[in-house]
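Peer 1: This is what each chain is made of:
2 protein chains.
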Amino acid sequence: MEKNLFTRIPNHIGIIPDGNRRWAESNNYEKQQGYEHGIMPGFELYELMLQLGVKEATFYGFTMDNTKRTSVQTKAFVKACVDAVEILANRDANLLVIGNENSTVFPKQLIKYVNKRVHFGHGLININFLVNYDWQWDLNHAYRSNNEEQKKIDLYASIASCDISRVDLIIRWGGRRRLSGFLPIQSVYSDFYVVEDYWPDFNKDQFYEALRWYQTSDVTLGG
Amino acid sequence: MEKNLFTRIPNHIGIIPDGNRRWAESNNYEKQQGYEHGIMPGFELYELMLQLGVKEATFYGFTMDNTKRTSVQTKAFVKACVDAVEILANRDANLLVIGNENSTVFPKQLIKYVNKRVHFGHGLININFLVNYDWQWDLNHAYRSNNEEQKKIDLYASIASCDISRVDLIIRWGGRRRLSGFLPIQSVYSDFYVVEDYWPDFNKDQFYEALRWYQTSDVTLGG
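Chains A and B supply the protein sequences, listed in that same order. Going by the numbering used here, the first sequence runs without a break in its numbering and finishes at 248. Going by the numbering used here, the second sequence runs without a break in its numbering and finishes at 248.
These are calculated hints, taken from the structure and not from any lab test. Watch out, some of these pointers could steer you wrong.
The list treats identical chains as one, so a pair stands whether inside a single copy or across any two.
Claimed, not checked - For lysine to any residue, the following SDA-like pairs were computed, each having C-alpha atoms within a straight-line distance of at most 25 Å: (1) 133 x 112; (2) 56 x 214; (3) 80 x 94; (4) 80 x 205; (5) 133 x 238; (6) 56 x 243; (7) 141 x 238; (8) 100 x 244; (9) 229 x 202; (10) 56 x 136; (11) 56 x 233; (12) 93 x 149; (13) 133 x 202; (14) 229 x 201.
Go ahead and model the full structure; you've got the sequences and the hints to work with.
Peer 2: As structure tokens, then:
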């Protein structure tokens, strides 16, 4: 079993699939063509996570800030997100989409997956997908809540992404060493691993190397 | 000038001075003796930052979670924080201490610096010091606020650490690649650099290497 390769597997992995545009440019495509080449890597990773028994994964789709890019790019990454979900609907996963759906850029096809987990097939893994997400929007949700008592007790329970659990390991492709607004509450104790290659150049070894590094790291959760 | 070594200097640097206990053990000291060896490195770094024109730096002192450690360790890191501030009071800096002062572990000597910036000497740099800090305490402050209108408009303006600006570069000593609750709001776009050596083994080259890496990184702030 692949599972026996590792002594410790993260329960929840965050994925920042960056570098699609840089990949496109370096392969003589138009920038926006990078996004469609970012779909299949996600499913290769999905298969590897199933084999290893990872219970939850969150993919950074796009942010509200990202939609300030050119219209042709915005259309391309929105389409890639919709296409990815349509493929996932034929697999075995429980999908939860989190993002600001009260916006014209939010794809209508994904409305039915927002804020409630939908089960596909045998539901072998929880997949969270951040679509038109924004960290301020996420945290401000707690203020918009009417449940005053709950807010005083537990911030985490009041944010928009409260159904997404704490992230153990964040892997970012594309070389940049920053979170770029990815789930600030769930990431406070996350181990952070950076792959230099662009996301469309995903391969199994990058992921395994991240997991090998992760299992050498201790877990203190701030203690 | 040292300043000419770099093409781009971060305005605000976050410092996570980790590895004091591991340094102590590897040098045949008791664990708690590591903290006192973490004071002078901070002043070496302070001098380098002054030379380079860094405008603001935030040091991660200790967290509310840290105080669950043994009493002898807690006393040692609290004392190191107080000693550091007493040395800084004779330098040229504007000090702001942020942390939960409504606790018996919060050092009385630092009460006068909490939540208001105090000017020392020529005030050449803003130094923030997180003392008995906790990320949930920081963010929950927004809920405790009575300014309902402000809360709806701007989360950042309502947190306990609202007078600490966005962090451009976070440097963590001691090899761990995680934020461990360091200013989650100000860190959403921060570049993150890890030094493998323990904090008491600080040297100038580690810092310069971090700055050399930083100037190769682009700034997008989520765009």
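Peer 1: Hints first: check each against the structure and report whether it holds.
Peer 2: Each hint tested on the structure:
1. 133 x 112: Within one copy, since 16 Å is at most 25 Å while 60 Å is not.
2. 56 x 214: between (34 Å within a copy, 23 Å between copies)
3. 80 x 94: Intra 33 Å, inter 31 Å, cutoff 25 Å: neither.
4. 80 x 205: both (24 Å within a copy, 23 Å between copies)
5. 133 x 238: neither (39 Å within a copy, 42 Å between copies)
6. 56 x 243: between (39 Å within a copy, 18 Å between copies)
7. 141 x 238: neither (33 Å within a copy, 41 Å between copies)
8. 100 x 244: For residue 100 and residue 244, the Cα distance is within 25 Å only across copies (24 Å; inside one copy 40 Å).
9. 229 x 202: both (21 Å within a copy, 22 Å between copies)
10. 56 x 136: neither (27 Å within a copy, 54 Å between copies)
11. 56 x 233: Neither: 29 Å inside a chain and 34 Å across chains, both beyond 25 Å.
12. 93 x 149: neither (35 Å within a copy, 38 Å between copies)
13. 133 x 202: neither (33 Å within a copy, 38 Å between copies)
14. 229 x 201: both (20 Å within a copy, 24 Å between copies)
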